[in-house]
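Residue numbers (the numbering used here), protein chains in the order written: chain A, 1 to 228; chain B, 1 to 294.
Possibly wrong hints are sitting among the right ones.
[Unchecked claim] Think about it this way: if two alpha-carbon atoms lie no more than 25 Å apart in a straight line, the pair counts; the simulated SDA-like pairs of lysine to any residue are:
id: 1; chain 1: B; residue 1: Lys12; chain 2: A; residue 2: Lys50
id: 2; chain 1: B; residue 1: Lys104; chain 2: B; residue 2: Leu52
id: 3; chain 1: B; residue 1: Lys131; chain 2: B; residue 2: Arg55
id: 4; chain 1: A; residue 1: Lys50; chain 2: B; residue 2: Trp285
id: 5; chain 1: A; residue 1: Lys50; chain 2: B; residue 2: Arg55
id: 6; chain 1: B; residue 1: Lys201; chain 2: B; residue 2: His215
id: 7; chain 1: B; residue 1: Lys12; chain 2: A; residue 2: Pro135
id: 8; chain 1: B; residue 1: Lys201; chain 2: B; residue 2: Leu292
id: 9; chain 1: A; residue 1: Lys109; chain 2: B; residue 2: Leu143
id: 10; chain 1: A; residue 1: Lys109; chain 2: B; residue 2: Ser213
id: 11; chain 1: A; residue 1: Lys109; chain 2: B; residue 2: Tyr10
id: 12; chain 1: A; residue 1: Lys73; chain 2: B; residue 2: Arg290
id: 13; chain 1: A; residue 1: Lys64; chain 2: B; residue 2: Glu293
id: 14; chain 1: B; residue 1: Lys131; chain 2: B; residue 2: Leu143
id: 15; chain 1: A; residue 1: Lys64; chain 2: A; residue 2: Glu123
id: 16; chain 1: B; residue 1: Lys19; chain 2: A; residue 2: Glu93
id: 17; chain 1: A; residue 1: Lys50; chain 2: B; residue 2: Glu202
id: 18; chain 1: A; residue 1: Lys109; chain 2: B; residue 2: Val171
id: 19; chain 1: B; residue 1: Lys12; chain 2: A; residue 2: Ala115
id: 20; chain 1: A; residue 1: Lys50; chain 2: B; residue 2: Arg207
id: 21; chain 1: A; residue 1: Lys109; chain 2: B; residue 2: Leu292
[Claimed, not checked] Away from chain B, derived, C-beta distances all over 12 Å, residues of chain A:
id: 22; residue: Arg3
id: 23; residue: Glu51
id: 24; residue: Phe102
id: 25; residue: Ala103
id: 26; residue: Leu124
id: 27; residue: Asp129
id: 28; residue: Ala151
id: 29; residue: Asn167
id: 30; residue: Asp169
id: 31; residue: Thr172
id: 32; residue: Asp175
id: 33; residue: Asp181
id: 34; residue: Arg185
id: 35; residue: Gly187
id: 36; residue: His195
id: 37; residue: Ala198
Derived from the structure by calculation, the hints contain no laboratory data.
These figures come from a predicted structure and were not determined experimentally.
We put the CB at the ideal spot given by N, CA and C, even for glycine.
Spelled out, the chains give:
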Amino acid sequence: MIRLDNVTKIYKDSVKALVEVSLEIGKGEFVFIVGPSGSGKSTMIRMLLKEEEPTKGEIFVAGKNIGRLSPWKVPYLRRNIGTVFQDFKLLSEKTVFQNVAFALEVIGKQKNDIALRVPEALELVGLKDKVSNYPDELSGGEQQRVSIARAFVNRPLILLADEPTGNLDPATSVDIMKLLDRINRTGTTVIMATHDNAIVDAMRRRVIELDSGHLVRDQARGVYGYGA
Amino acid sequence: MDMARRADYYFKETFQGLKRNGLVAFAAVSTSFIALFLVGGARLVGSEVNLLIQRTEANVEVSVFLQDTISPTQQTNLQDMLTNMPQVASVHYESKEEAYARFKQIFANQLSLVANVSPDSLPASFRVKLKDPSQFAVVAVQLQGQPGIDNIVDQRAVLNKLFAVTKVFRVGVFAVAIIMLVSAAALIGNTVRLAVFNRRKEIGIMRLVGATSWHIRMPFLIEGIMEGLLGAGAAILGLFIMKVSFIDPLRGKVGFLPLVGTQQVLSTVPWLLGAGVVVAGVASWLAMRRFLEV
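When you get a sec, could you build the whole thing from the sequences and use the hints?
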């Protein structure tokens with residue numbers, strides 16, 4: 001589903017964000033990317049979305065070399081990738097329903113299609129009763145569920161989550177992880193960048209660890225720290 | 001997405017954008033209005049001059065004013081000479097009495113002026129029409145030195161002076177209009193920049209979920225073009241109001257002057273709408289290139 005071949009990213013100020021990283025993630029996998037701040041997690045996620053280009057190396061998503069993708073095709077790449085962020089990125093003047101529907105509206109989906117899919121996605125994340133609420137009427141955990149519903153409503157092949165539990169308390173984080181696990185079980189590849197060692201240790205999934213841009217560990221059923 | 005829904009979405013976005021940027025949008029629209037009003041005004045002055053040229057080219061005459069002391073033989077010779085010139089279309093002798101009658105007609109509104117003039121104080125003349133009005137010099141050279149001639153006047157030369165003055169005026173108005181159009185473009189670009197800034201969060205999400213760049217840009221482009229069109233519409237309305245309230249009352253009062261009418265005002269409409277769309281479209285596009293990353 002995703003392959004990185006010797007990917008290096010050097011920013012203009014000669015900061016090495018990623019150095020010679022190669023890895024492959026299969027369809028339907030659940031992968032944690034761990035490492036301290038500045039280790040290159042976010043850079044990797046941004047490159048998968050083609051928001052940034054690697055300085056060297058090649059990236060394949062769903063069989064396509066995205067470095068060769070012409071700019072007008074980038075939106076169609078992104079339709080295959082759902083994204084969830086630490087800060088939820090919800091629109092405060094739209095209701096829960098409208099926030100999720102927005103993702104389908106702006107890619108030109110039919111109204112009746114939207115009317116069908118949005119309630120489905122909201123049911124999956126357990127927010128069926130909150131469709132008419134506004135984001136600031138919801139708890140942090142609920143807001144993150146809305147953003148997950150929005151990321152998932154178009155049934156992407158890949159879900160990218162960048163510190164999705166970064167703003168949530170441990171109990172709520174567990175609920176979010178259960179939700180991501182459920183989404184993974186539908187066959188969606190889930191890639192989650194995180195600091196949260198408790199979650200990584202509890203889930204026992206594949207762990208890719210980055211340190212100063214180097215891939216230092218790639219372990220099936222891993223935990224957060226070394227030595228496991 | 002079907003066309004109706006797409007149109008509905010763009011319209012909604014455009015309207016909300018205009019509302020959100022109220023004052024800045026107003027500045028952009030009113031500057032476009034003034035700029036396009038001046039463009040239209042300059043065009044109408046041009047039309048008026050063209051009407052004058054058309055009217056006078058048909059009637060333009062060379063006036064050969066005669067000395068009071070001219071003898072009947074000299075007068076007949078002169079008339080024969082003019083009639084036989086290949087450049088001359090027709091020759092009409094205007095006596096002192098005819099000149100006085102015409103004078104009275106032209107200055108009918110200023111009777112005090114008429115009272116001070118007697119038929120005898122006006123010169124008799126030959127009114128010569130040329131086949132080609134530009135051949136004046138050829139005719140004038142041949143008449144030079146003939147006895148009994150007081151003065152030869154080419155009406156076209158008089159008119160050309162008038163046209164030169166209106167041309168300077170037109171160029172001046174046009175230059176101001178261009179400066180205003182540039183300001184209008186800058187203001188429209190600025191409203192687009194503000195609109196992009198106001199909606200940066202939506203734009204970010206649209207990019208993430210895979211909206212095409214056209215879909216992201218379209219509402220801003222329409223908003224900018226809408227401002228240009230509103231300005232053009234107001235300018236067209238303004239020109240019609242000018243025509244009705246200032247030009248129409250003059251009609252018939254200055255009988256010998258042709259005046260621009262509805263037809264000429266209508267002919268500016270496509271120009272103004274076109275200029276409004278092009279200027280606003282280019283301004284919005286440039287603003288998006290600079291401020292909207294997609």
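Now for the hints, and whether the structure bears them out:
no.: 1; hint: B/Lys12 with A/Lys50; in the structure: 31 Å, violated
no.: 2; hint: B/Lys104 with B/Leu52; in the structure: 23 Å, holds
no.: 3; hint: B/Lys131 with B/Arg55; in the structure: 15 Å, holds
no.: 4; hint: A/Lys50 with B/Trp285; in the structure: 24 Å, holds
no.: 5; hint: A/Lys50 with B/Arg55; in the structure: 68 Å, violated
no.: 6; hint: B/Lys201 with B/His215; in the structure: 15 Å, holds
no.: 7; hint: B/Lys12 with A/Pro135; in the structure: 22 Å, holds
no.: 8; hint: B/Lys201 with B/Leu292; in the structure: 12 Å, holds
no.: 9; hint: A/Lys109 with B/Leu143; in the structure: 86 Å, violated
no.: 10; hint: A/Lys109 with B/Ser213; in the structure: 16 Å, holds
no.: 11; hint: A/Lys109 with B/Tyr10; in the structure: 15 Å, holds
no.: 12; hint: A/Lys73 with B/Arg290; in the structure: 21 Å, holds
no.: 13; hint: A/Lys64 with B/Glu293; in the structure: 24 Å, holds
no.: 14; hint: B/Lys131 with B/Leu143; in the structure: 17 Å, holds
no.: 15; hint: A/Lys64 with A/Glu123; in the structure: 33 Å, violated
no.: 16; hint: B/Lys19 with A/Glu93; in the structure: 16 Å, holds
no.: 17; hint: A/Lys50 with B/Glu202; in the structure: 19 Å, holds
no.: 18; hint: A/Lys109 with B/Val171; in the structure: 53 Å, violated
no.: 19; hint: B/Lys12 with A/Ala115; in the structure: 20 Å, holds
no.: 20; hint: A/Lys50 with B/Arg207; in the structure: 11 Å, holds
no.: 21; hint: A/Lys109 with B/Leu292; in the structure: 24 Å, holds
no.: 22; hint: Arg3; in the structure: 21 Å, holds
no.: 23; hint: Glu51; in the structure: 8 Å, violated
no.: 24; hint: Phe102; in the structure: 7 Å, violated
no.: 25; hint: Ala103; in the structure: 4 Å, violated
no.: 26; hint: Leu124; in the structure: 17 Å, holds
no.: 27; hint: Asp129; in the structure: 24 Å, holds
no.: 28; hint: Ala151; in the structure: 8 Å, violated
no.: 29; hint: Asn167; in the structure: 17 Å, holds
no.: 30; hint: Asp169; in the structure: 25 Å, holds
no.: 31; hint: Thr172; in the structure: 23 Å, holds
no.: 32; hint: Asp175; in the structure: 23 Å, holds
no.: 33; hint: Asp181; in the structure: 23 Å, holds
no.: 34; hint: Arg185; in the structure: 23 Å, holds
no.: 35; hint: Gly187; in the structure: 20 Å, holds
no.: 36; hint: His195; in the structure: 22 Å, holds
no.: 37; hint: Ala198; in the structure: 28 Å, holds
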